[in-house]
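Engineer: These are the residues of each chain, in order.
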Amino acid sequence: MDTQSYVSVPPGVGMGENFLSLDDILLCHERLPIRTECIFPRLGFLEKSSDMQDIPEGSKMELPLWLCKGLYERKKRVLSVELPKVYREGWRTVFNADPKVVDLHKMGPYYYGLGSQMLHFESPENPDIAQTLLQTFIGRFRRTMDSSQNAYNEDTSVLVERLDCLEKALFRSGQTGLHSFQNWEKGQASQLTASNLVLNYRKRKITDVLP
Amino acid sequence: MDPSEVEFLAEKEMVKIIPNFSLDKIYLIGGDLGPFNPGLPVDVPVWLALNLKQRQKCRIVPPEWMDVEKLEEIRELERKEDAFTAVPSPYYMELTKLLLNHASDNIPKADEIRTLVKDIWDTRIAKLRCSADSFISQQEAHAQLDNLTLMEINTIRSFLLDSLNCMYKLRSNLLPGSNKGQFTDY
Numbered sequence: 001m002d003t004q005s006y007v008s009v010p011p012g013v014g015m016g017e018n019f020l021s022l023d024d025i026l027l028c029h030e031r032l033p034i035r036t037e038c039i040f041p042r043l044g045f046l047e048k049s050s051d052m053q054d055i056p057e058g059s060k061m062e063l064p065l066w067l068c069k070g071l072y073e074r075k076k077r078v079l080s081v082e083l084p085k086v087y088r089e090g091w092r093t094v095f096n097a098d099p100k101v102v103d104l105h106k107m108g109p110y111y112y113g114l115g116s117q118m119l120h121f122e123s124p125e126n127p128d129i130a131q132t133l134l135q136t137f138i139g140r141f142r143r144t145m146d147s148s149q150n151a152y153n154e155d156t157s158v159l160v161e162r163l164d165c166l167e168k169a170l171f172r173s174g175q176t177g178l179h180s181f182q183n184w185e186k187g188q189a190s191q192l193t194a195s196n197l198v199l200n201y202r203k204r205k206i207t208d209v210l211p
Numbered sequence: 001m002d003p004s005e006v007e008f009l010a011e012k013e014m015v016k017i018i019p020n021f022s023l024d025k026i027y028l029i030g031g032d033l034g035p036f037n038p039g040l041p042v043d044v045p046v047w048l049a050l051n052l053k054q055r056q057k058c059r060i061v062p063p064e065w066m067d068v069e070k071l072e073e074i075r076e077l078e079r080k081e082d083a084f085t086a087v088p089s090p091y092y093m094e095l096t097k098l099l100l101n102h103a104s105d106n107i108p109k110a111d112e113i114r115t116l117v118k119d120i121w122d123t124r125i126a127k128l129r130c131s132a133d134s135f136i137s138q139q140e141a142h143a144q145l146d147n148l149t150l151m152e153i154n155t156i157r158s159f160l161l162d163s164l165n166c167m168y169k170l171r172s173n174l175l176p177g178s179n180k181g182q183f184t185d186y
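So the protein sequences, as listed, match chains A and B.
The first sequence begins at 1 in UniProt numbering and counts up by one.
The second sequence begins at 1 in UniProt numbering and counts up by one.
A portion of the hints provided could be inaccurate.
Said to hold, decoys possible - Partial chain A-side listing against chain B, Cβ under 7 Å, derived:
#  : residue
1  : V13
2  : G14
3  : L22
4  : P64
5  : W66
6  : S116
7  : L133
8  : L134
9  : Q135
10 : F137
11 : I138
12 : F141
13 : R142
14 : L170
15 : S173
16 : W184
Derived by calculation from the structure, the hints in this document are not laboratory data.
Cβ coordinates follow ideal geometry from the N, Cα and C atoms, glycine included.
Whole structure, please, built from the sequences with the hints as guidance.
Structural biologist: Structure (structure tokens):
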């Protein structure tokens, strides 16, 4: 059985985030195109392209997701968030037509995560985005399943290179199932092996142990 | 669940052996076994049968279904039907492996049986994948898993559960305000 030195926290996937999930931490650094709706006084030094003291109203820039979520408020109109290209009408049509051919790793790599996070920002397109995310996942499910359950003892990098991070995690769990079954079938399950934890220990020198 | 744990459960299945020693009834927590008389068939759990066999104290009588003709019938039926057909034993895969690995000299046509069981297994796994796919694509909420064995469920369990989790979360996005501001503690 797989023992790791720590239990990795799975990503939150939906609108919520898991604070300790590495994937979600990376996800909240994705940049979003925004437009300021009011003056940001004395923050002009952040914008390298102009040497004004303030960031004026209506300027366009890119901010990371975590900052957008913090600054965004429905009533106060501090900034408005524009949809990234992949979630707009044009790409949505592509996803609805055939989700299997799209390279989600290039588009994302947090296509589903970021898409769900976009629902925090009010937009008339939100229901369509949510629907497209779900349909894309369903459409690509069969391929993820088949490749993860059939690729045994071969190089999987070709299979996973076009998958979103979420699908990669699924692929890995499918592979663990396949590998543990194949191990059992070959009779390797009955052999005792050292735990991963023990293998990862470095050799200690006596001088390190003594006080 | 690990496949070896499923195998462990399978070892509780009863199998007929013909001992070549004599011993009184033995009393175990799981039930009484024996008495053992040379040449008289007796029912014992697989774990005991394999242990006795390894010490050459018995001959294992293969279960009724472990027979080339019967398995061929099952294979044809499995290929013809769309749904899962009833399997001869809830632990057919595990028992075949255990018995063929340890007592292949007591089972006639062991190699053919191995191939047949593997064929049945492959057909069923392909069906399982098909039904998992239609389960996801039709966004069903529940499924009935008739005639599926533990080992078969076990191979796809972690993948299917993770996928269903993801799908549930993506689907709850459709309902606005359903899980806003909800945090999971770790």
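Engineer: Hint L22 of chain A vs chain B: min CB-CB distance below 7 Å?
Structural biologist: Where the cut-off is 7 Å and the nearest Cβ of chain B is about 12 Å from L22 of chain A, the hint is violated.
Engineer: Would the hint on P64 of chain A be counted as holding, given a Cβ-Cβ threshold of 7 Å to chain B?
Structural biologist: violated, 20 Å
Engineer: Taking the closest Cβ pair, is F137 of chain A under 7 Å from chain B?
Structural biologist: Interface hint status for F137 of chain A: holds (6 Å vs cutoff 7 Å).
Engineer: Holds or violated: the hint that W66 of chain A contacts chain B, with Cβ atoms closer than 7 Å.
Structural biologist: Violated, because the Cβ-Cβ distance from W66 of chain A to chain B comes to roughly 15 Å (cut-off 7 Å).
Engineer: Hint check: is the beta carbon of S173 of chain A less than 7 Å from a beta carbon of chain B?
Structural biologist: holds, 5 Å
Engineer: With a cut-off of 7 Å on the beta carbons, see whether I138 of chain A makes it to chain B.
Structural biologist: holds, 5 Å
Engineer: Tell me if R142 of chain A is really an interface residue toward chain B, meaning its C-beta lies closer than 7 Å to one of theirs.
Structural biologist: Hint on R142 of chain A: holds, closest Cβ of chain B at ~5 Å, below 7 Å.
Engineer: Would you settle whether the hint for G14 of chain A is holds or violated, based on the nearest Cβ-Cβ distance to chain B being less than 7 Å?
Structural biologist: Since chain B brings a Cβ to about 4 Å from G14 of chain A, closer than 7 Å, the hint holds.
Engineer: Can the hint on L133 of chain A be confirmed by a CB-to-CB distance to chain B that is less than 7 Å?
Structural biologist: holds, 5 Å
Engineer: Measuring from the C-beta of W184 of chain A to each C-beta in chain B, is the shortest one below 7 Å?
Structural biologist: holds, 3 Å
Engineer: Verify the interface restraint on F141 of chain A: the C-beta must sit less than 7 Å from at least one C-beta of chain B.
Structural biologist: holds, 5 Å
Engineer: Can the hint on V13 of chain A be confirmed by a CB-to-CB distance to chain B that is less than 7 Å?
Structural biologist: At about 4 Å, which falls below the 7 Å cut-off, the nearest Cβ of chain B leaves the hint on V13 of chain A intact, so it holds.
Checked against the numbered hints above, the structure breaks hints 3, 4, 5, 9 and satisfies the rest.
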